[in-house]
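Sequence lines, in order, name chains A and B. In case it helps, the working numbering puts the first sequence at residues 1 to 187. In case it helps, the working numbering puts the second sequence at residues 1 to 79.
No wet-lab data here; the hints were simulated from the structure. Where a beta carbon is used, it is the ideal one built from N, C-alpha and C, also for glycine. One thing to keep in mind: the hints can contain errors.
Anything over 12 Å on all C-beta distances counts as not near chain B; from chain A, calculated [unchecked claim]: (1) E130; (2) G137; (3) S145.
Derived lysine-lysine pairs resembling DSSO-like cross-links, with alpha carbons at most 30 Å apart [stated by the list, open to error]: (4) B/K48 / A/K144; (5) A/K8 / A/K42; (6) A/K8 / B/K73; (7) A/K144 / A/K110; (8) B/K48 / A/K110.
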Amino acid sequence: MTDPQRFKEGLVGELQSLRAFAISIAGNIDRADDLVQDTLLKAWNNMHAYTEGTNLRAWLFTILRNTFYSDYRKRSREIEDDGTYSERLAVHAEQDGHMDLTDFRTALAKLPSDQREALILVGASGFSYEEAAEICGCALGTIKSRINRARSRLADLLAVKSVDDFGPDARAHAVLASGPLSTLPGE
Amino acid sequence: MKSTTNNGEGAGGRAPSGGGGSVGKGRPRRGRPPVNETLQHVIGSQLKAAYDEVVRQPIPDRFIELLGALEDKKSGGSE
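This is chain B alone, in the form it adopts within the complex (with noise of 0.2 Å):
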């Protein structure tokens, strides 16, 4: 429950179950709230991580022989 430790800030005053439970330990009440900051580092992550997927996947042959096509054709004087 360490998430009702942020009552004050963010949720516009409206603490999701009262209680009366803990609030604060030490915490800043201003600046960031806590909970976008690990949101946006997993949003981060995944990004980079769905897109490492991608980037991992095999490049077909095709390419490489383009390429290389290309390549001797310059370097055999195509004029």
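For reference, chain A alone in the conformation it holds in the complex (with noise of 0.2 Å):
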């Protein structure tokens, strides 16, 4: 039996965390508050299905993504359009610290939504790429595909972006790293 204090605790704990992950699928962020609402309610419903001691925020991503491909995607078909996202994923901009993360968030909203989202689970979020797979329920090699592909497609964006920022040495960047990206740190 979970105890409820101790499960709100951990709901408090992951409030950001799951914000984030919301913002990163739903591209909006009044979509993405009435995500993390539902889920939170769900969760709460539903804590006796929570085993304690196992991974709350992967068990909350889950509940997350869900809902939102069972209740809001088909409300919102739109969302999935590049241009929509990169905008809205925008209103972030203007808090850049040292870097400047225009470019890459440009790049990162012409991914297709499945690669971002196994991107960011673990590039940014910290599961494993047998704990993203969980979550977006697939094999664990779709999740590292997936991964490759994204990672292939930035490198690409970015290292485009960088000929016209950084001049002809960026240009001999950008010649190798088109090339096969098969050998990925980590991999």
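Assemble the dimeric complex from its two separately framed chains, guided by the hints.
What follows is the structure, encoded as structure tokens:
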């Protein structure tokens, strides 16, 4: 039996992370907040289904993702449009710190949503490939291949961009980077 | 111009500018192209930075309030 108070504390501790994932898949803050609220309610009502000591974040992300794809996506097909996503994500652009992330965001927005999601789960949210596969309800190999394709595409997009930004030396980088990206660090 | 030391791999043998430039300096000819490694490293850091920025957004009060209300209801013995 899950202790409600500890469960609540656990949920509070995951709020920021949960909301960030919601924003990354919903692409719009209002929709993301509705999604977080629905997720919290579902999680609370299914508290008994959570096994204490297991990964609460993964459990919550799974609920959030399932909620999005079953309830939200059919209501809002336009969310898949690349341009829309890019614009909406740009809400955060003014808060850039030491790094200019505008180009990166634009490139990220160009990825197919399944690749972007896999990349965010593993590359930014700290999940293992196995956990990401569980959250997305797909095979481990599928996650790996989505991430490889995402990295490869981002490399192409960012390398081409850097040719414009940094001149001939970057051009040489771009030529090299446009080759096969089959060997990635960490694979 | 350190990238020209990588002639002979990755670029399919097409050296960007010829020039008979300096090749080698003890770099391995085979294996991962260093440029990809650098680029993937940059991509990794930018991804984390972009995502962390979103993670650091302040949480709307309504979520804390909602969880508080749910907990009160539970401990208040909602049948």
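Right, here's what the structure says about each hint:
Chain B leaves A/E130 outside its interface by the beta-carbon criterion, the shortest separation being 19 Å against a cut-off of 12 Å. Taking the minimum C-beta to C-beta distance to chain B, about 22 Å, the non-interface status of A/G137 holds against the 12 Å cut. Even its closest Cβ contact with chain B, about 16 Å, leaves A/S145 beyond 12 Å, as expected for a residue assigned away from the interface. Straight-line distance between C-alpha atoms of B/K48 and A/K144 comes to about 18 Å, which keeps the hinted pair within the 30 Å bound.
About 13 Å separates the Cα atoms of A/K8 and A/K42, which keeps this hinted pair within 30 Å; it holds. About 12 Å separates the Cα atoms of A/K8 and B/K73, which keeps this hinted pair within 30 Å; it holds. Pair hint A/K144 plus A/K110 holds up; C-alpha atoms about 19 Å apart against a cutoff of 30 Å. Between the alpha carbons of B/K48 and A/K110 the distance comes to roughly 17 Å, so the proposed pair stays at or under 30 Å and holds.
Comparing the model with each numbered hint stated earlier shows that all of them hold.
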